[in-house]
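Engineer: Listed below, chain by chain, are the residues.
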Amino acid sequence: MERLGVELHHISKSFEKDGRPVQVLDNLDVRNEAGEFVSFLGPSGCGKTTTLKIIGGLLEPDGGEVIIGNKRVTGPGPDRSIVFQDYALLPWVDVLRNVAFGLELRGVPKGEREEIARTYIQKVKLSGFEHHYPNELSGGMQQRVGLARALAVNPQILLMDEPFASVDEQTRRLFQSDLSDLWQEEQKTVIFITHSMEEAVYLSDRIFVMSARPGRIVEEFVVHLPRPRTAQDIRGSKEFTESVEHLWGVLRELQ
Amino acid sequence: MRSRAAKRQKVFQISIRLFSLLVFALIWEVAGRAEISFGLRPLSGTLKALVDLIGSGDLAYAFLISFRTLITGFTAAAIFGVSLGLIMGTFRRIEHFCNVYFMLLLSMPTAALIPLILLTMGFGFVAESLIVFLFAVPIIAINTHTGVLNIDASLIQMSRCFLASRSQLFLKVILPGSVPMMMAGLRLGLSRAFIGMITAELILSPLGLGRLISISTSKFQYERLFAVTLSILIVAALILDGMQRVERRLLRWRH
Amino acid sequence: MIGSKVRSRSRRQFSFVPLIPGMIAWELIGRLHVSFFIPPLSEVVLVWFEILHAGKLWDALVISFETFVVGFSLALVLGLILGVMMGRYRGVEHFFDLYINTFMSAPVSALVPVLMVLFGLGIGTIVATVFMFSFFVIVVDTTTGIKSINPSLIQMARSFGGSEFQILPKVILPGALPEILTGVRLGAIRGIKGMVIGQLLIALTGLGERLVYYGNSFLIPQLYAIILTVIVFSILLIELFNFLERSLIHWKR
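If you read the protein sequences in the order shown, they are chains A, B and C. Its first residue numbered 1, the first sequence is counted upward by one per residue in the working numbering. Its first residue numbered 1, the second sequence is counted upward by one per residue in the working numbering. Its first residue numbered 1, the third sequence is counted upward by one per residue in the working numbering.
Heads up, some of the hints might be wrong.
Said to hold, decoys possible - Pairs of lysine-lysine residues, derived as DSS-like cross-links and limited to a Cα-Cα distance of at most 30 Å, are as follows:
hint, chain 1, residue 1, chain 2, residue 2
1, B, 7, A, 123
2, B, 172, A, 53
3, B, 172, A, 125
4, B, 10, C, 147
5, A, 110, B, 10
6, A, 110, A, 123
7, B, 7, C, 56
8, A, 71, A, 53
Please keep in mind that the hints were generated in silico from the structure rather than gathered at the bench. Here the structure is a predicted model, which means the values were calculated and not measured.
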């Protein structure tokens with residue numbers, strides 16, 4: 001499969017709040033290589049999610065453009081899927097149908113799409129929960145469903161919007177290492193939004209640190225940790241700790 | 001452990017309710033025998049009249065006649081109300097236009113229209129069905145509309161991200177997502193339809209239950225009057241409760 | 001797009017502007033003599049002033065308002081008391097909930113003949129009808145409001161040594177106020193409906209009597225004038241309760 005990178009050219013975006021325009025993104029210029037795991041790190045309100053939605057084609061930038069594989073993004077496309085912060089699962093259908101939903105919309109026949117869905121349910125370690133409804137699952141499990149659904153349509157680019165924001169620390173760590181393994185296996189281009197420094201360092205090849213209002217890139221940080229990464233090897237390493245410390249330094253400067 | 005406490009709670013609840021039924025039955029009986037009010041009849045007499053009414057088939061016949069109009073008017077209201085609610089939820093301009101009319105219909109005393117309807121259409125099956133329709137339709141339409149508006153915005157974004165077409169969005173997200181509010185609207189609509197039916201039959205009553213009530217009153221057969229009224233309340237309560245049970249069954253995914 | 005407007009509007013805000021084309025259409029249909037039963041709006045308005053001058057309408061309005069106020073006030077006071085008791089004490093709740101839930105959605109209009117037998121053919125029956133229509137929703141919403149109060153607020157008040165009599169007015173009632181006010185508003189709306197239904201069925205006093213009278217006399221514009229009066233009357237009352245609700249729970253939002 002052809003691998004695609006993402007280029008952001010001079011993206012700016014403002015919203016109206018209480019009748020006054022608020023500049024959310026200011027002249028964002030970023031390149032993401034094909035197959036790379038890139039994180040956007042920043043405090044809340046820095047426009048990370050807005051950036052992701054612009055890449056996903058759900059929002060239109062006021063200025064600038066997003067280029068994917070030499071083509072300008074004008075809306076959502078089959079090359080990208082999003083993992084949503086609030087999971088965005090259909091509460092009225094079970095896990096299997098939720099995972100197959102993207103394929104269902106694309107008209108894949110029932111038997112085939114359920115087979116694909118089962119494969120991905122297994123990959124996110126939810127086998128046995130095929131016929132549970134989202135309300136019967138914990139937050140972490142719901143987000144695994146969201147990830148499986150995003151992967152099931154086999155996109156080149158995976159956009160993840162603070163996927164672990166509302167799960168507890170224990171679940172979060174387990175999920176992070178599973179995601180790391182999955183990325184190793186699937187070789188997708190990933191754009192990952194987070195406000196956790198440890199998470200960004202552990203998962204990413206490169207990290208863009210953003211400032212708030214207006215959102216700008218204040219630092220581009222390359223993570224020099226070897227791959228494949230396992231939690232035991234990485235988290236204790238000097239390189240890991242130093243990277244986190246460095247990022248904290250940058251973020252602290254922003255206050 | 002928890003189920004044991006829940007069971008004890010249930011037993012407590014049921015015994016209190018039975019006790020309360022007993023107390024009220026006693027009060028009714030004693031008050032009726034003491035002739036606190038000229039028209040009040042004791043429970044025993046009422047129950048005897050109820051048995052007679054059931055035995056003679058008069059009650060069943062009256063219910064049959066009344067329910068014919070109820071079902072006709074309510075079915076029309078359900079079809080019309082749900083369609084209109086969905087249309088209002090989907091097209092903004094129609095929503096803007098219709099909203100105020102439905103709010104008016106919802107909060108105005110619909111009964112005020114009854115003399116006009118009787119005047120223009122005469123009394124009969126059609127006029128009464130129309131009255132039932134008018135009582136039921138606003139809440140059905142408004143609830144369905146609210147159901148559409150309350151659908152989680154992130155589900156719609158998610159569907160767009162997976163490239164749902166307009167019709168897919170409607171059939172797979174908006175329609176199932178608005179079912180809970182729609183069902184509640186139908187239940188409330190039926191409750192109002194009952195009120196409309198009874199009011200119409202009482203105002204000019206050559207039909208059904210209203211006729212039975214009027215005849216009983218004019219012949220001073222107050223036991224029969226109490227019995228018919230009691231049966232209406234019980235039947236309505238049972239039907240509405242049944243609807244609620246079906247609703248809960250169908251909406252198990254919500255817990 | 002469908003998604004963008006979600007949650008952007010509160011449910012009570014709507015525009016009255018769309019009424020204008022409806023009114024114009026009514027006037028036109030009336031003037032074209034489409035049906036004997038649809039007089040033009042302007043004629044209805046003129047007739048309204050006529051019957052207002054004749055005094056009958058004013059009397060009907062006053063009587064209607066009085067019966068509503070009496071029946072609704074009774075429902076309000078008793079409904080609040082019972083609702084609070086049911087919200088606070090399990091035993092009380094289960095003692096009454098069967099009846100309250102039944103009457104909450106039952107066709108209360110079926111009770112009017114019974115009320116007539118018990119209270120006679122007069123104002124008493126209409127007051128009782130208003131009461132029966134508005135009482136139950138006030139009880140249900142008050143109970144719900146009180147049960148939905150965050151228990152840690154009550155524990156907090158207890159931990160400062162608050163007694164039940166202090167907690168009730170200082171924590172419980174304010175906490176339940178939004179739901180209570182919703183119940184009061186819905187109770188008022190139902191009460192007006194009950195008033196019209198009661199007056200229609202007894203046909204002795206108030207706006208309901210006027211409706212029956214003009215209907216039986218084939219005075220179509222007059223009938224429309226009364227219907228419009230009923231609608232305006234109820235909208236004004238509802239707006240009054242909306243205003244109360246908004247000004248009393250200013251802290252919410």
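Engineer: Just pull the numbers of the violated hints for me, sorted ascending.
Structural biologist: When the structure is compared with the hints, numbers 1, 5, 7 turn out to be violated.
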